[in-house]
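There are 2 protein chains.
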Amino acid sequence: MPLSEFEIIQQIFKQQKVDRNDVLSGIGDDAAITSIPEGHELVLAMDTMIAGVHFPENMKPKDIGYRSLAVNLSDLAAMGAEPAWVTLALTIPQSNETWLRAFASGFLTLATQYNVQLIGGDLSRGDLSITIQAHGFLPANKKLLRSGAQPGDLIYVTGTLGDAAAGLISWQQPEQSFAYLKQRLTRPTPRVEVGIALREFATSAIDVSDGLIADLGHILDASKVGAKLEIANLSLSLAICEKFDLDQAREMALSGGDDYELCFTVPSRKEEQINKLANLCQIARIGTIEAEPGLRCLLPDGTHYEPARSGYQHF
Amino acid sequence: MPLSEFEIIQQIFKQQKVDRNDVLSGIGDDAAITSIPEGHELVLAMDTMIAGVHFPENMKPKDIGYRSLAVNLSDLAAMGAEPAWVTLALTIPQSNETWLRAFASGFLTLATQYNVQLIGGDLSRGDLSITIQAHGFLPANKKLLRSGAQPGDLIYVTGTLGDAAAGLISWQQPEQSFAYLKQRLTRPTPRVEVGIALREFATSAIDVSDGLIADLGHILDASKVGAKLEIANLSLSLAICEKFDLDQAREMALSGGDDYELCFTVPSRKEEQINKLANLCQIARIGTIEAEPGLRCLLPDGTHYEPARSGYQHF
Numbered sequence: 001m002p003l004s005e006f007e008i009i010q011q012i013f014k015q016q017k018v019d020r021n022d023v024l025s026g027i028g029d030d031a032a033i034t035s036i037p038e039g040h041e042l043v044l045a046m047d048t049m050i051a052g053v054h055f056p057e058n059m060k061p062k063d064i065g066y067r068s069l070a071v072n073l074s075d076l077a078a079m080g081a082e083p084a085w086v087t088l089a090l091t092i093p094q095s096n097e098t099w100l101r102a103f104a105s106g107f108l109t110l111a112t113q114y115n116v117q118l119i120g121g122d123l124s125r126g127d128l129s130i131t132i133q134a135h136g137f138l139p140a141n142k143k144l145l146r147s148g149a150q151p152g153d154l155i156y157v158t159g160t161l162g163d164a165a166a167g168l169i170s171w172q173q174p175e176q177s178f179a180y181l182k183q184r185l186t187r188p189t190p191r192v193e194v195g196i197a198l199r200e201f202a203t204s205a206i207d208v209s210d211g212l213i214a215d216l217g218h219i220l221d222a223s224k225v226g227a228k229l230e231i232a233n234l235s236l237s238l239a240i241c242e243k244f245d246l247d248q249a250r251e252m253a254l255s256g257g258d259d260y261e262l263c264f265t266v267p268s269r270k271e272e273q274i275n276k277l278a279n280l281c282q283i284a285r286i287g288t289i290e291a292e293p294g295l296r297c298l299l300p301d302g303t304h305y306e307p308a309r310s311g312y313q314h315f
Numbered sequence: 316m317p318l319s320e321f322e323i324i325q326q327i328f329k330q331q332k333v334d335r336n337d338v339l340s341g342i343g344d345d346a347a348i349t350s351i352p353e354g355h356e357l358v359l360a361m362d363t364m365i366a367g368v369h370f371p372e373n374m375k376p377k378d379i380g381y382r383s384l385a386v387n388l389s390d391l392a393a394m395g396a397e398p399a400w401v402t403l404a405l406t407i408p409q410s411n412e413t414w415l416r417a418f419a420s421g422f423l424t425l426a427t428q429y430n431v432q433l434i435g436g437d438l439s440r441g442d443l444s445i446t447i448q449a450h451g452f453l454p455a456n457k458k459l460l461r462s463g464a465q466p467g468d469l470i471y472v473t474g475t476l477g478d479a480a481a482g483l484i485s486w487q488q489p490e491q492s493f494a495y496l497k498q499r500l501t502r503p504t505p506r507v508e509v510g511i512a513l514r515e516f517a518t519s520a521i522d523v524s525d526g527l528i529a530d531l532g533h534i535l536d537a538s539k540v541g542a543k544l545e546i547a548n549l550s551l552s553l554a555i556c557e558k559f560d561l562d563q564a565r566e567m568a569l570s571g572g573d574d575y576e577l578c579f580t581v582p583s584r585k586e587e588q589i590n591k592l593a594n595l596c597q598i599a600r601i602g603t604i605e606a607e608p609g610l611r612c613l614l615p616d617g618t619h620y621e622p623a624r625s626g627y628q629h630f
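Chains as they are written, first to last, in the working numbering: chain A, 1 to 315; chain B, 316 to 630.
Just so you know, these hints were derived from the structure itself, not from any lab. Take the hints with a grain of salt, since some may be wrong.
Example chain B residues on the side facing chain A (calculated, C-beta under 8 Å, incomplete) [said to hold, decoys possible]:
1. S340
2. D344
3. G354
4. V358
5. V368
6. G435
7. R440
8. R461
9. I521
Please read all numbers here as calculations on a predicted model, not as lab measurements. Glycine residues also receive a C-beta, built at the ideal position from the N, C-alpha and C atoms.
Required output: the full structure, derived from the provided sequences and hints.
Written out as structure tokens, the structure is:
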């Protein structure tokens, strides 16, 4: 007999190790009740993941659970916020206990790692879809938005780009040598610690979900500036270089989405602050903000490069 | 040409009259930033509505927008919270401007009425589904949960019950005489003002979404008590009595969901406080909390009554 909604919540999703002091009433009432630490603001990010649209239908439930939370924590990271609690609206075709336990295990593993408590949500019947709202804290007046980039600021990006797009293209490849790229798609690392450090000195930030060109474009639009991007400075993974030729890898690094790395800008006088982040992850300086609107991509020989496509179109 | 995601957000959902001081950064970044008034706690409710599951596929988009928000504000009401902001995860089969404008109009009409600001969300492509998270404030230590009912407390319910279930059964009836019942399904009234008043003296509350028997059952389970329900005291609308025989109307009032009225308990010594709510809406005293577990439904002649079904089963 399939588990009822009540049993799913009690036996699967309430089995979480995190028990935060600021959660005054969690799962099980009409709504949750929480408190915010004094002197802090609340940051709220919401993302929906639909099977067959945002991830391959046959992705493992454990990975779906992990990834759904990761992309939301990534949004908090891009704001410089420290994650606190999440709510989960889970729509599933039927009550399948094995699937649900695997999904919850991936989800709760990542939640526990960041001391994030699941405080509520909704469970519905329908095509597989996951909407998560993540909540985090930011000390007052430490906002890290898309709109603060200034001409002369340096542009950085964490990690390597293009891997998730390469993982998606290789999704049906059975060889073990594609495992790293596929894992970059299924288990993105939310750059939470980097985001928290950045709020002290970065002028803008965004997470790379639609592709670098598109997401850096959002910073440029919001900040009313332009940029020069030095393509040679992009970091590529060994795996993508082994499996794809350089032109393909470059396209995926520029226009492929789903890496959930952070792209951010820093005033040039604060450049040395970046060194302090070196212990958290690899960070590449990829360009400069300019007053002239538009994005100019430069190849190492100084010639302009026009990317083939410019990011994921939702409609 | 269909509107892009950016255009939908800018041209339709950002056209809202509400502009709250506690929203520090709203729609348009990786996440929203807000502040909570001092001495207050945050209440968070999340609900998903799926076409064909939670509402008829052919419900008007304006009504879908209104109802989706109403059911979330109803959850806040059941906690005694004052609504503040919402996020919206909207999944639509295609970018249809007419549909989107109608949906947003219903949604924003209700939002404006309660000074609720839309601060973010996500827009995806897929079968029609709406997940909303509503946020409200509660003064510290004014929690109104399901778990506070005590033996001897009186049980009340706002408004009339069964109308939404009757509206659903009559959904395909073209006659104007069914309009009231259908409107109770499409445009439920969140009992926000009643909820805010109740937090001062009620011991428990819930909103009636799955049916009175089921939802009162949640209060009894959470409070570890039982209850006697006097069926003759239930309020029925004139419309339901005109269109259905009394047995059917009684069943719908007891087991039909979607009315979004509040069911709550009050210590008998505070009974007179209920009179102060009379200007807000009709309130009926329908029973008494008892120490003995279980729910006993009594007919006017004192005989026991067994409802035919006990609420909506999600799985």
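Now the hints, each set against the structure:
1. S340: Hint on S340/B: holds, closest Cβ of chain A at ~6 Å, below 8 Å.
2. D344: Hint holds; D344/B Cβ to chain A Cβ min 5 Å, cut 8 Å.
3. G354: violated, 10 Å
4. V358: holds, 5 Å
5. V368: It holds, given that the least Cβ distance between V368/B and chain A is near 6 Å, below 8 Å.
6. G435: holds, 6 Å
7. R440: holds, 6 Å
8. R461: Holds, because the Cβ-Cβ distance from R461/B to chain A comes to roughly 5 Å (cut-off 8 Å).
9. I521: holds, 6 Å
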